[in-house]
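Use these hints to put chains B, C and D onto chain A, whose structure you have.
Listed below, chain by chain, are the residues.
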Amino acid sequence: MKRILGVALGILTAIGGFVDIGDLVTNAVVGSRFGLSLVWVVAVGVLGICLFANMSGRVAAASGRATFEVIRERLGPRAGLANLSASFLINLMTVTAEIGGIALALQLASSVYYLLWIPVAALAVWFVIWRVRFSIMENVTGLVGLTLIVFAVALFLLKPDWGALAGQLVPTVPGQETIWTYSYYAIALFGAAMTPYEVFFFSSGAVEEGWTVKDLLQERTNVLVGFPLGGLLSVAIAACATVVLLPAGISVTSLSQVVLPVAEGAGKLGLAVVLVGIVAATFGAALETTLSSGYTLAQFFGWSWGKFRRPAEAARFHLAMIICLLVGIAVLATGVDPVLVTEYSVVFSAIALPLTYLPILIVANDPEYMREHVNGRAVNALGMVYLVIILVASIAAIPLMIVTGAGS
Amino acid sequence: MTSANQQLPIAPPVAGRILDAQVHLMDRQVLDHDGVPVTTVDDLEVSGPDLDAEIPPGTTAPVITALLTGAVLGTRIFGGRPPSSRLIRLPWKDVAEVGVVLRLGIKGEPLDASWVERWVRDKIIARIPGGRHDPR
Amino acid sequence: MRNTPVSAPAAKSRPRLAARLWMLAVTALAVLTACGGGTAESVSTAVKDSSSAVATARIALRQDMDGKLTRAATSTTLDDELKEVQTSRSSVLKLSPATPEDRDTQKQALDVLDQCAAGFATARAALSAGDGGTPSLADGDKALAGAQDALKQLGDKVGSK
Amino acid sequence: MILGDLLGTPVFDADGGRLGRVADARFVLDGTPHQLMAEPRLLGLVVGPHSASSFMGYERNGLTRPRTIARILRWRHRGSFLVLWEDIALIGERSVRLRPGFTRYSTALDDRAQTRSAPEQGSD
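Chains as they are written, first to last, in our numbering: chain A, 14 to 421; chain B, 489 to 624; chain C, 26 to 186; chain D, 317 to 440.
Keep in mind that the hints were calculated from the coordinates and are not lab data.
Note that this is a predicted model, so its numbers are computed, not measured.
Where a beta carbon is used, it is the ideal one built from N, C-alpha and C, also for glycine.
What you were told as hints is all true, and nothing was included just to trick you.
Taking beta-carbon pairs under 8 Å as the criterion, some of the chain D residues facing chain B (in silico): (1) M317; (2) I318; (3) L319; (4) G320; (5) G347; (6) E355; (7) R357; (8) V362; (9) F397; (10) L400; (11) I404; (12) A405; (13) I407; (14) G408; (15) Y421; (16) S422.
Computed list of lysine-lysine pairs in DSS-like fashion (alpha-carbon distance at most 30 Å, straight line): (17) K132(C) with K119(C); (18) K167(C) with K182(C); (19) K167(C) with K132(C); (20) K73(C) with K177(C); (21) K611(B) with K595(B); (22) K73(C) with K172(A); (23) K172(A) with K167(C); (24) K108(C) with K182(C); (25) K167(C) with K73(C); (26) K108(C) with K132(C); (27) K108(C) with K281(A); (28) K119(C) with K108(C); (29) K595(B) with K581(B); (30) K167(C) with K281(A); (31) K172(A) with K177(C).
Pulled out of the complex, with its shape left as it was, chain A reads as follows (with noise of 0.2 Å):
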């Protein structure tokens, strides 16, 4: 029975804590602005995610290895600096992100100007991460982000035009859209799916709650549960925003867009539990990515870190994270657009997705860490193929930001 209770944790945890501002943001606007033909994309991340969270956490579970220290010791110090620099920016971008996430919600919900909201955010963040279990931290932040389900009920309040809907999801370019914006919110989509921080955290998470082998199927489960459901969710912001926004020629440019399909089809009710469900999502990514900052730098220098430590037996660790969110807060007070930030966030992801991805694909086939843990056939024939799309998504990311102006 407590067996059963911690799987079904486990995979309530994955569901609410696959949805952050990225998904949130990059879901609504392209379901704004294309329609469900972009679901394939995120059908495509979640099996990438799957893959990938998969592959680090058995690599963590098998060898104590987090995803950094195998990215120093197999990319040497100055391909691993490289990557480094590029992983950490990404990362603080999406810190930034995910505290002005936190901010814009309450102002929804208070309707006090957002920038009063951040330091407190910060600030509450920060105190999370000092003070609160690891265990604790995860199941709640994850399980009240479950109520970001109230998108779902709110899609069938609507009652949309199912037929219609489903005819949608083929692959097609609206007729307003050009086939390159098409591809550059294809990447976008990708990007907020399969974040790299997602994995950093999964593989320093398995090494917080002391994984061993044991707990490879549960986390399997977890993942192979959770991240698809996880996967329905962004589905259903994005039809939401197809059946409420699109028609009204609406392309969603603030969060105060995305929650209106809530309201329009659940009511005042639907609005605050949509609220509370991305507080609790943006401040769950929030502490995600603000560990991950300090577990990159942390890893990478071989300095002691872990928040099953004392703050003051990780100190360096704890140092950084307090720069992040500082650094964070000075972002956002420039008075820059988090939703902005957001958007330019899941793209750079996508970038810098194969500079983690390589990495952990060798090691997992490394029997010195794995032992006979390594990448079964299917595993490394699914794993090439992804590292191929991983690829393309990266190099055509500029490009595509250059020819599109960033999507406008």
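Only chains B, C and D this time, still in chain A's reference frame:
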């Protein structure tokens, strides 16, 4: 290059375990006696030979004397070289085990390699309320 | 080997090449974004963005009247969308049209965008006046509907060119 | 000497012909025993066409999967060989010189790698 599929001869067998510096040592995590991370192997110090001097046949082979860390990482990445006095050494005699990580047989806390960690802890982190609170 | 400057020249050229490519990409991006299209194109973008903003505001007002949206959410939405209109307006204002036609287009666009802004002002006033006050939310919606029509006309005109 | 300085240094034969770069240094744990571990003694240098990316260790540890990556990296390092300490005449700041009549050995780390990787030899 002709690339005939010729097998190179296998090196004469040796008694001890073989370690390739890049593959097995460099950039690996170093843990102390209690499993606390100390640093990463940023470089290795070798006992010889004299540079740009002919090595007379029969000279005994150099040995690894210490793991290096600190500023040497920067110079390994960007080129150049810190003065020998600035190198932070972890003598090889303190290494207890080489695997996916290197384990030391001593406590990491008092080592030179830990001075930044100690400084950050004593001057900043431990002064914030709850800094010594056990999260578990 | 003390004081030698370079240790491993082998792999050095690669990061430098990558850095150069990166610089090139960034420069290209900067150049491309700096010289956007002509007046008609910019106006058409501004019209599209503002229409989206006004449409959002109308949905929010309607939901508020139907009791589906909280005051806080409605006012935040109006603020966000007003900001969007302001951004469009300042981008049109910054244009330097070359021909009399373009100057005319710019002038018309500014008029329409001002009408949008005025619509938002009415809507926000209605929101702060509360239930039964003047202007009412319906007034705000009417003002925004007028702005929406004007935007549509302008959009058709600019688009047909 | 700092080992990082040696890695990437060009290697020449006795007549000044270029053979490649130092890709790695091989040690064997049979030096003076300390209480914990023996001292690692320099057994020889791995010379390869590229010093970069040899870290993946593919050409030595016998990894064959994922197959495509393994193949690409093997191919990049075709012609890598191990030269023993006894065959090294001089280690300098900018070059390593080997003794006349040095022997190229396989870089494989164990038998398993040896049979699987079938290293290729450059022309002598």
